[in-house]
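> Taken in order, these protein sequences are the chains called B, X, Y, F, H and L.
Residues in the first sequence are numbered consecutively from 4, following the numbering used here.
Residues in the second sequence are numbered consecutively from 4, following the numbering used here.
Residues in the third sequence are numbered consecutively from 4, following the numbering used here.
Residues in the fourth sequence are numbered consecutively from 4, following the numbering used here.
Residues in the fifth sequence are numbered consecutively from 4, following the numbering used here.
Residues in the sixth sequence are numbered consecutively from 4, following the numbering used here.
You may find that some hints are simply not true.
Identical chains share a label here; the pair holds if one copy fits it or two copies do between them.
Stated by the list, open to error - With a straight-line Cα cutoff of 27 Å, these simulated DSSO-like cross-link-like pairs (lysine-lysine) come out:
{"no.": "1", "residue 1": "Lys109", "residue 2": "Lys48"}
{"no.": "2", "residue 1": "Lys24", "residue 2": "Lys48"}
{"no.": "3", "residue 1": "Lys109", "residue 2": "Lys152"}
{"no.": "4", "residue 1": "Lys24", "residue 2": "Lys109"}
{"no.": "5", "residue 1": "Lys152", "residue 2": "Lys24"}
Just so you know, the hints here were simulated from the structure itself, not pulled from any lab data.
6 protein chains.
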Amino acid sequence: MSDLSHLDSEGRAHMVDVGDKSVTARTATASGRLTTTPEVIALVKADGMPKADVLSTARIAGILGAKQTSALIPLCHPLPLSSVNVDFAYTDEAILISATAKTTGKTGVEMEALTAVAIAGLTLHDMVKAVDPAAVLGEIRLEEKTGGKRGHWTRDG
Amino acid sequence: MSDLSHLDSEGRAHMVDVGDKSVTARTATASGRLTTTPEVIALVKADGMPKADVLSTARIAGILGAKQTSALIPLCHPLPLSSVNVDFAYTDEAILISATAKTTGKTGVEMEALTAVAIAGLTLHDMVKAVDPAAVLGEIRLEEKTGGKRGHWTRDG
Amino acid sequence: MSDLSHLDSEGRAHMVDVGDKSVTARTATASGRLTTTPEVIALVKADGMPKADVLSTARIAGILGAKQTSALIPLCHPLPLSSVNVDFAYTDEAILISATAKTTGKTGVEMEALTAVAIAGLTLHDMVKAVDPAAVLGEIRLEEKTGGKRGHWTRDG
Amino acid sequence: MSDLSHLDSEGRAHMVDVGDKSVTARTATASGRLTTTPEVIALVKADGMPKADVLSTARIAGILGAKQTSALIPLCHPLPLSSVNVDFAYTDEAILISATAKTTGKTGVEMEALTAVAIAGLTLHDMVKAVDPAAVLGEIRLEEKTGGKRGHWTRDG
Amino acid sequence: MSDLSHLDSEGRAHMVDVGDKSVTARTATASGRLTTTPEVIALVKADGMPKADVLSTARIAGILGAKQTSALIPLCHPLPLSSVNVDFAYTDEAILISATAKTTGKTGVEMEALTAVAIAGLTLHDMVKAVDPAAVLGEIRLEEKTGGKRGHWTRDG
Amino acid sequence: MSDLSHLDSEGRAHMVDVGDKSVTARTATASGRLTTTPEVIALVKADGMPKADVLSTARIAGILGAKQTSALIPLCHPLPLSSVNVDFAYTDEAILISATAKTTGKTGVEMEALTAVAIAGLTLHDMVKAVDPAAVLGEIRLEEKTGGKRGHWTRDG
């Protein structure tokens, strides 16, 4: 009935069987952005100064979030992550978030990279919401993936 | 040094002390969207048919995610949620996500509503990624909040 | 459309709003049993001897499980448990499990007591499965509850 | 002192060392049932109609629960689950629950299948308890397992 | 049989009933230290420089750890923390850790403060272990507590 | 800029990439102690008597804690633990804690052994704090490790 692999032939959700997939090195990179005001960006950039913790708090939240992916996303498989990186950059009105996850396993790490971005972004949202409740977390998307049967995929094809 | 309340006077992250805030009824509504292809929307809409589980899986993930907010977002306070709702709607190219959280407590439930939207959205992403790895989760934002010292806030002011 | 309170008027799952319910002292007691062989019962009864840990392991698992109820059961509200007890007794072919949970809150603790019994029972199952893979965990049920709008309920009416 | 493998020679609980066991494909199927009233069964069966979420909520809870097994059952080993399925059927007075878990690992997935059944069953209990507080979750048991040193085991021998 | 309140009259572990205790503001401060080499202290002190994340990583881990206390320590009650702070200082051979937790609740927050110190200290241990596997985490102890029936307690009496 | 492997070249925290490390059998043993009063030691030693649960509660907490290591310590990799043991001994004024963790994986299990000791020690602290709030958890340290590129390490060299 469905081309959505997470549904069985009757449309019921299940964790698809990856038991017969091969174990390969896999990576995924995802990105997103928190759009806010120039004033907030200026406050957060103070993080470049000694002792300010905004970005490091969001980074740690993202890394820990990646490790919780299979507990948060119901149909995700548990994966032994071999590395997670979360990085940030700025535009005048946004904090750009990027995360890369790696594993050697039977299924891809796209959701781990996306979850790292989302949790890091929510953490930034939490820290700026008192001064900008209208901030928007958006453009959370996969940028690139490697490994597995389908091999290399990039957003720009 | 900072107007960001999650940082102390030296710029260090901390959970701000809400011990003296009053206990009031509080609500927050957040929204977001997963942008994908018309073909995927057609597949997911099959969820309106008997037995298909796409939206209910994302809904449950969002509700459970809201309850994990203080474990995921480092500086969030644990809150006794009194209700969580997650709803969906469609455009031609997107699944719209809306979540409302309520509590009677000392601090707001904005992050709980935003986390419900983000986790529901990531779950949709997971379910459509095999057919549309380019899907984008975006526009995650607070729409409205009530309760607490600042009272009613809406996005449109 | 439904008399099941966990479904809204369209049949969608939600955490029902308990915001307007009164805060009262509430208790619930649940029970269950792991049915196995007389030989296994004899082995487990060695727990009455110094240093054997079967029942204490199951007890701790049950208490910790009760505290995870709202993370495990999607539509349960988080509750500040004020106490949890898990006790055991024997028949010739079964280990009887009993758990009592208490809170002062807006909703009942039935699920916490039932979850304590289930997790304690699964832990017993785990410990005996090498010698009796056919063991059966059953009769998990509410025995009594107090507090809340409906007041005292007992299984025997 | 003991034939229970989860106890050491002094009767102390430990996680048994599976380091030297071979990595093989392993599956386990468990079952259980929630016994309630014909009226409740009729309400839940409305889940066959569009938009009703009872069974899908319990299914997702069971799948997520299976992934939490080693965090819930103290002496269970963490396992990389390669698939989890949870299915339901009806009798006049009961909802039948069945779960199958698979892994490629050093120890079996019996507890993951049993935990999926128990958490799915507790979730059903939660959803029907307002109309039938006397519902009973029972007959949680292993039906079949494959893989590992002992190979194929079925309940009926 | 016992003066240890976490054991019942038969010596069995239970979560003691705090249902009748009064809700008061409570605070606790705990401390500890990671003893390592002067060389490691010099490396970590680079955290005072822009962009280095050692202490902020440990701080976030400690704050998140405090919020997991009742899930980690079997007989602890869940508490709605109203604030958590984790701070660090240096001697020539040690990183000093201090944590303060606050709540308005029926039982004290000693364990939350102690858990914050322990998890922050373990995180420091993790970050220095490649250069100093012999580092020692010690002197984890309560310094002061306020609130509750016993009122103010300080280590020095 | 740094010799701390958990920081990248700019001093930012990350989970180091272990993808290219070899999979080997690895073990780690850690120890610690809870220092208290002779009176408390006498109470806890009652655990040698039938039915008293102090040490078994701490043991189970330590084993479960070891399995949560990568969720608690931000830059730790998830590891499939193949065994965990937690043991206790007494001096006149202290409870000695020892834990051994094993895995077959790409990185060591030092943090798992140390976390088991710390959580077991915090649990003992919790149980004695009503009679000895001044108890001190200390000397948490690695004793020995095997496996991996560096091979055998012992505290005494």
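> Evaluate each hint against the coordinates.
Evaluation of the provided hints:
Taking CA atoms no more than 27 Å apart as the test, Lys109 paired with Lys48 passes in neither setting, with 40 Å inside one copy and 30 Å between copies. Taking the shortest alpha-carbon separations for Lys24 and Lys48, neither the intra-copy value of 44 Å nor the inter-copy value of 29 Å comes in at or below 27 Å. In this assembly of identical chains, Lys109 and Lys152 lie within 27 Å of each other by CA distance both inside one copy and across copies; the values are 10 Å within and 24 Å between. Taking identical chains as interchangeable, the C-alpha atoms of Lys24 and Lys109 lie at most 27 Å apart whether they share a chain (5 Å) or sit on different chains (18 Å).
Proximity of Lys152 and Lys24 under a CA criterion of 27 Å is satisfied in both settings, with 8 Å inside one chain copy and 23 Å between copies.
Hints 1 and 2 from the list above are not met by this structure, while the remaining hints are.
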